[in-house]
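Following the hints, position chain F against chain A.
Number of protein chains: 2
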Amino acid sequence: MADQKKLERLSEAQAAELMASVPDWTLDGDVISRGFDFKDFRGSLAFVESVADIAEEQDHHPDITISYSRVSLFLSTHKAGGLTEKDFALAAAIDRLL
Amino acid sequence: MADQKKLERLSEAQAAELMASVPDWTLDGDVISRGFDFKDFRGSLAFVESVADIAEEQDHHPDITISYSRVSLFLSTHKAGGLTEKDFALAAAIDRLL
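These protein sequence lines map, in sequence, to chains A and F. For the record, in the first sequence the residue sitting at position 66 is 66 according to this note's numbering, with numbers rising by one throughout. For the record, in the second sequence the residue sitting at position 56 is 56 according to this note's numbering, with numbers rising by one throughout.
Honestly, I wouldn't trust all of these hints.
If chains are identical, the list can't say which one is meant, so a pair holds when it fits in one copy or spans any two.
[As the list claims (entries may be wrong)] Result set (BS3-like, lysine-lysine): computed pairs, CA atoms no more than 25 Å apart in a straight line:
hint, residue 1, residue 2
1, Lys6, Lys86
2, Lys6, Lys79
3, Lys79, Lys39
Worth flagging that the hints you see were computed from the coordinates, not collected in a lab.
Here chain A stands alone, though its shape is the one from the complex (with noise of 0.2 Å):
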């Protein structure tokens, strides 16, 4: 019941409420993006690979890009067509890697 409620597309006020919990990232549309930097490509890297951790313990996967010393991480649920409650648990998640 409440894994299907976190599956529901948010309504654009909701999403905009959620983005509080989340300063860093950045609401796009139906995204929601961060980048980071490292100090070089092994950072990039050992990062992308605790992201990947907590992103198969979640079953929910960001696109992800690497370019040397810096990752960005993009979120959005395409099941729903859009951002649901999964995605801002996966952000918080994420930013409390760091």
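Coordinates of chain F only, in the frame set by chain A:
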């Protein structure tokens, strides 16, 4: 000396010629790219880790995007302002992973 030469920007004709050695890659301006499909996110990540090892060995790093079971790699030599032999050497080494 050989390494110096590898870092010289290739002419369009030279790049087009070297494309024959990596037929699964696409040449688009100053970048060569290839997409790879895996079974799932873990498959993508394992591949990215293998690519990372080669990238560190060659001290040359592709831009990488991971979208669940799909990985895309983009190669160019920023220092040279375009494609160099290093890009084609890395592409060929990545192809040998598969």
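Checking each numbered hint in turn, tell me which of them this model violates, lowest number first.
none
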